[in-house]
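Enquirer: Chain by chain, the residues:
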Amino acid sequence: MKRILYLYLLPLALMFGCNMEKDIEILLPEHEPQLVVECYLEQGKRLQATVFETSSYFDAPTPPLVPDAEVYITFRGKRIKLKYEPTTSASGKRFITHTSTTRMYGTPGEVFGIEVIDGKGRKVTGFTTILPKVPITKVEWKFNEKDKAYVLTSFQDDANATNFYRYMTHRGKFDKGSSRDFAATDELNNGKTTSYGSAYDYVEGDTLTLTLYHIEKQYYDFLQSTDDAKNANGNPFAQPAKVKSSVQGGIGIFTNLVYDRDTVYISK
Amino acid sequence: MPFSFSRYLFLLFFVLSASIGFAQQYRVSGLVKSAAANEPLIGATVAVPQLRQGTSTNATGFYSLTLPPGTYDLQTTYIGYLTTTQTITVTNADQTIDITLQPTENQLNEVVVVANSLQQKLTENRMSVEQLSTREAKLLPALFGEVDLIKTLQLKPGVQSGGEGSSGLYVRGGGPDQNLVLLDDAVIYNPSHLFGFFSVFNPEAVRDVELYKGGFPAQFGGRLSSVLDVRMNEGNNEQLRTSGGIGLISSRLSIDGPVVKDKLTFLVAGRRTYVDSFTRVINKLNEDKKDYNPIPDYYFYDFNARLNYKPTPKDELTLSGYYGRDFFVFKDSGFQFSFDWGNKTGVINWRHNYSSRLFSNTSLSATAYEYRIKNEIDVFSFNLRSDVKDLTLKTDYEWLLDDKHTIKFGASGTNHAFTVGRLNFSSDDNSLNFGAGNNYSASEFGAYLSDDYKINALLSLNYGLRVSGFNNKGKTYSALEPRAAASYNLTENTTLKASYASMMQYIHLVTNSGASLPTDIWFPSTQRVKPQRSQQVAAGVSKLFGQGKYLITNEVYYKWMHRQIDFRDGANLFVNDSLENEFLFGKGESYGNELYLEKIKGRTTGWIGYTLSWTYRQFDEINEGRRFPTRYDRRHDVSVVLLHQLNDRLSLTGAFVYGTGNAFSLPVARFAFQDVERKEPTVIPIYSDRNSFRLDATHRLDLGVVWKLKPKHGEADLTFSAYNAYNRRNPYFVYFDELKDEQDEKTIGFQAKQVSLFPVIPSVTYNFKF
Chain A
1 MKRILYLYLL PLALMFGCNM EKDIEILLPE HEPQLVVECY LEQGKRLQAT VFETSSYFDA
61 PTPPLVPDAE VYITFRGKRI KLKYEPTTSA SGKRFITHTS TTRMYGTPGE VFGIEVIDGK
121 GRKVTGFTTI LPKVPITKVE WKFNEKDKAY VLTSFQDDAN ATNFYRYMTH RGKFDKGSSR
181 DFAATDELNN GKTTSYGSAY DYVEGDTLTL TLYHIEKQYY DFLQSTDDAK NANGNPFAQP
241 AKVKSSVQGG IGIFTNLVYD RDTVYISK
Chain B
1 MPFSFSRYLF LLFFVLSASI GFAQQYRVSG LVKSAAANEP LIGATVAVPQ LRQGTSTNAT
61 GFYSLTLPPG TYDLQTTYIG YLTTTQTITV TNADQTIDIT LQPTENQLNE VVVVANSLQQ
121 KLTENRMSVE QLSTREAKLL PALFGEVDLI KTLQLKPGVQ SGGEGSSGLY VRGGGPDQNL
181 VLLDDAVIYN PSHLFGFFSV FNPEAVRDVE LYKGGFPAQF GGRLSSVLDV RMNEGNNEQL
241 RTSGGIGLIS SRLSIDGPVV KDKLTFLVAG RRTYVDSFTR VINKLNEDKK DYNPIPDYYF
301 YDFNARLNYK PTPKDELTLS GYYGRDFFVF KDSGFQFSFD WGNKTGVINW RHNYSSRLFS
361 NTSLSATAYE YRIKNEIDVF SFNLRSDVKD LTLKTDYEWL LDDKHTIKFG ASGTNHAFTV
421 GRLNFSSDDN SLNFGAGNNY SASEFGAYLS DDYKINALLS LNYGLRVSGF NNKGKTYSAL
481 EPRAAASYNL TENTTLKASY ASMMQYIHLV TNSGASLPTD IWFPSTQRVK PQRSQQVAAG
541 VSKLFGQGKY LITNEVYYKW MHRQIDFRDG ANLFVNDSLE NEFLFGKGES YGNELYLEKI
601 KGRTTGWIGY TLSWTYRQFD EINEGRRFPT RYDRRHDVSV VLLHQLNDRL SLTGAFVYGT
661 GNAFSLPVAR FAFQDVERKE PTVIPIYSDR NSFRLDATHR LDLGVVWKLK PKHGEADLTF
721 SAYNAYNRRN PYFVYFDELK DEQDEKTIGF QAKQVSLFPV IPSVTYNFKF
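Protein sequence lines, in the order shown, are assigned to chains A and B.
For the first sequence, full-length UniProt numbering begins at 1 and goes up steadily by one.
For the second sequence, full-length UniProt numbering begins at 1 and goes up steadily by one.
The shape of chain A in the complex, shown without the other chains (with noise of 0.2 Å):
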């Protein structure tokens, strides 16, 4: 049996032993840089925003400064400007270009306001409305015959408006990537008590911390819109895909942040 197994095999080895990717030199046109803004609203804490400079593909890894971008940030009547002072936020893995000492309050359904302007003359804008909090209702999970667990996580979606929410998972220490994370509509469950759940990842004694965003469609349509311009690099199947901002005359996020996170011991 063996025997003809690897006779059967010899051709396919070949084909996957075979190294069918190479190096090329691809020659991309001239790009004309556009102002990045990245900026989310959360409540009680400091406004702050980075502004960088989109890059010719195979120019240097790091994202180009933009020193004299100014940035603004409206609301109730006022602006606020925010100063330029590269820094990296408290968990060290996220750079800022720009902050205030003004912090951010909002109420649910006011509008707050982005403006970015710099020396050659480019100016950014956008808004966001501020949402309100979706509470988790609540965190379960199942051990299968290997001992592995799945966790559900569970929540009402308000049947008078079209939501949109992000759903994140960490597990052990915080400051890791996430192990699962993923935007969604309630199009499909409009208004009635939604799970969002993961595969049989866990395990006895996992932590997990799980966060339930209630985020603005821009947003939404932000998120949808990197990850398939992500997926169309490498995927021969795909079209590629133009990225969605919610910022008009560059390319970037404006929104608020509003969730629910709950921080769970897996146990049997």
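Rather than coming from a laboratory, the hints here were simulated on the basis of the structure.
These figures come from a predicted structure and were not determined experimentally.
You may find that some hints are simply not true.
[To be verified] Computed footprint of chain A on chain B; a stretch qualifies when at least three of its residues, placed anywhere within it, have a C-beta under 8 Å from a C-beta of chain A:
(1) 684-693
(2) 756-763
[Unchecked claim] Reference excerpt, derived from the structure (chain B facing chain A, CB under 8 Å, subset only):
(3) 354
(4) 436
(5) 539
(6) 543
(7) 665
(8) 666
(9) 673
(10) 677
(11) 678
(12) 725
(13) 726
(14) 729
(15) 748
(16) 750
(17) 751
[Claimed, not checked] Short derived list, chain A residues pointing at chain B, Cβ under 10 Å:
(18) 54
(19) 95
(20) 152
(21) 198
(22) 209
(23) 232
From the three backbone atoms N, C-alpha and C, an ideal C-beta is built for every residue, glycine too.
Here the structure of chain A is known, so what remains is to put chain B in place on it, guided by the hints.
Expert: Below, chain B without anything else, positioned relative to chain A:
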């Protein structure tokens, strides 16, 4: 101007009646049959060289010529059969002459005989048609040794594959969804297995294939770009036959023969891959290894069956069917993912000869294509399903009016039922239960009338009109589709041809993959989604030379495509109750020149094809409204196919292909997306113009050896083949890789990478027949 179908019909009848004339000539007619199987041969050529007059047998194997009194040679040719010539004398009466053809003894000779039809190919007024027999395809080297009729057709000019190894057909700038694929008159919605790498046509069950690239006869409608008409074997009327092959990844078997001689014959054929048998063994051997990831099961099979019943000499009833399925299954503890898809068809067909001048062919066919995805995790299940089901009644009439006119008319009606993105997500305890999806029901009809008019010995004309319509939820579309083709014999060996065809397509493939995938779904025209339309003009010249050994044909074509379909960036095509909102509408054009040289006699035969072409699409919402080339826009496409018979037992075959690289999109820039806290930053590509880059050119040489064995019973051969003999790494796609430092995982740069699919792949297939 109001719709006026009656005006067109009147005009057509007027032209018909005005051109009909009568002369003192007598009819010679009869059946052309196979001596081996005693079955009628469809499409055989019956000609009188002295008068430069000829015809082809119809769907019942019947031919009819109208000749003046005299003595003539009646020459009959057919693919895979020896040419016969018999002397006939036409007196002052009609006469019936049945003709029996002997099959050639080996496959290579059969291919040589193909060339005998070149005289007919030269003089007939059809153009832009490629014909292929299974016997021809079996000789050529094939990927994994799997003979594939569609891949052999890709070697013809004007026909391209979607990518290396793909069985998709891109005909004169059309997409794979714009091909009308018929198996014994039943539509096949997804003609491929294994994600497009193999076609659904088992070579043991298929007799021959005709591909119309343009100049479409009026009886065909429903797709824009091509008609692939596949005919199954009828079943041997003389003796029980068994044939088959054992290959690298699949085996096939066919049994056919008489049940009641001269009355009832049958054919059954099946094929199955067995990669899964080996991967299961591998999984079993490794099941105790802790970190071993089991290889998913994958296999496909298909099954063909056909019954032919001739209750009277004037009637023939046929029952034929196809069932094929692909399975992809992955199981682990508490988890099961399965994905299966396939086509099924069933056709009842009745052919009737009312007289030696009037024939009919009526069929009732049912066809279905579906895919199902099932995902079960413990108590939760996720199911996604889409399908399309058709029920079609069709009737075609052929009326040999006189020696100048052959009138064809008919009608068809189809009921379509679509299930689009039917999703169900549930749990055993019913704590989760939601679903989505839509059902659509639509009807499509067509009626046509055409005249094959031999104006004189030099000039012939085929003109006709098809009227088609579609109804979905009260929204009705209708259209007139005029067709015309003309042929003029400039000299004895040189013919000029031209054609025009207008085509409508009322159902659409929902795909944004650029390739044909099993999850692609069909969607009907609706109030918002209007039918697609194309118009094509073509002109060509054919010349027979080298004492009839060679035929060279050059055709130019131009095709306009209206209301072409694409989808918004990031469109959700799987689960979307508002799928219509994702459609984008645009236009397209395709034009080019096809050069085709065939050599037909001698020990070395084959063909050379060269296509120069351009294909574009334009949508307001794509590429900022600018025109862009399609992925399969191929400026130069060359194929060279050679078959050489060394001796009675050994034959060598080779096929070389060259094509300009596919157009594709690449990101030109990028930005860093840091995301929220506790997320790793990622690089987001920024794309510019659609399909503005070109892959490197593709070229490949496939070699084959057919070695006839001498078994005690029947016939057998070993077919060796080497796909991509000089191991060319043809580009399949290109992507930009992020290079990371091995120590700290930080990004240190970016590199373009090219991925290829197939290196040199040797294979051997054992074929037998007894």
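Enquirer: Now, for every hint given, state plainly whether the structure supports it.
Expert: Right, here's what the structure says about each hint:
By the rule of at least three residues with a Cβ nearer than 8 Å to a Cβ of chain A, the coverage given for the stretch 684-693 of chain B holds, with 7 such residues. Under the rule that three or more residues need a Cβ within less than 8 Å of chain A, the assignment of the stretch 756-763 of chain B holds, with 8 such residues. With a least beta-carbon distance of about 51 Å to chain A, the hint placing residue 354 of chain B at the interface is violated under the 8 Å criterion. For residue 436 of chain B, the suggested interface contact is upheld, since its CB lies about 5 Å from the closest CB of chain A, less than 8 Å.
A least Cβ separation of about 35 Å between residue 539 of chain B and chain A goes past the 8 Å threshold, and the interface hint is therefore violated. With its C-beta approaching chain A no nearer than about 41 Å, residue 543 of chain B sits outside the 8 Å limit, and its interface hint is violated. The beta carbon of residue 665 of chain B comes within 4 Å of a beta carbon in chain A, closer than 8 Å, and the hint placing it at the interface holds. With a least beta-carbon distance of about 7 Å to chain A, the hint placing residue 666 of chain B at the interface is held under the 8 Å criterion.
Using the Cβ-Cβ criterion of 8 Å, the hint placing residue 673 of chain B at the interface with chain A is satisfied: the shortest such distance is roughly 6 Å. With 8 Å as the threshold, the beta carbon of residue 677 of chain B comes within range of chain A, its nearest partner Cβ sitting at about 6 Å, so the hint holds. Interface restraint check for residue 678 of chain B: the shortest CB-CB distance to chain A comes to about 6 Å, inside 8 Å, so the restraint holds. Using the Cβ-Cβ criterion of 8 Å, the hint placing residue 725 of chain B at the interface with chain A is not satisfied: the shortest such distance is roughly 13 Å.
Interface restraint check for residue 726 of chain B: the shortest CB-CB distance to chain A comes to about 14 Å, outside 8 Å, so the restraint is violated. With a cut of 8 Å, the hint placing residue 729 of chain B at the interface with chain A holds, because the nearest CB-to-CB distance is about 7 Å. Checking residue 748 of chain B against chain A: minimum C-beta separation of about 7 Å stays under 8 Å; hint holds. Satisfaction of the interface hint for residue 750 of chain B is found here, the shortest Cβ-Cβ separation to chain A being roughly 6 Å, below the 8 Å cut-off.
Annotation: interface hint on residue 751 of chain B holds; nearest CB of chain A at approximately 6 Å, less than 8 Å. A hinted interface residue such as residue 54 of chain A counts as satisfied when its beta carbon comes closer than 10 Å to some beta carbon of chain B; here the least separation is about 5 Å, so the hint holds. The beta carbon of residue 95 of chain A comes within 7 Å of a beta carbon in chain B, closer than 10 Å, and the hint placing it at the interface holds. The interface hint given for residue 152 of chain A is met, as the beta carbon of that residue sits about 9 Å from the closest beta carbon of chain B, less than 10 Å.
Look at residue 198 of chain A: its Cβ gets to within about 9 Å of chain B, closer than 10 Å, so that hint holds up. Look at residue 209 of chain A: its Cβ gets to within about 8 Å of chain B, closer than 10 Å, so that hint holds up. Restraint check, residue 232 of chain A versus chain B: the minimum CB separation of about 7 Å is within 10 Å; hint holds.
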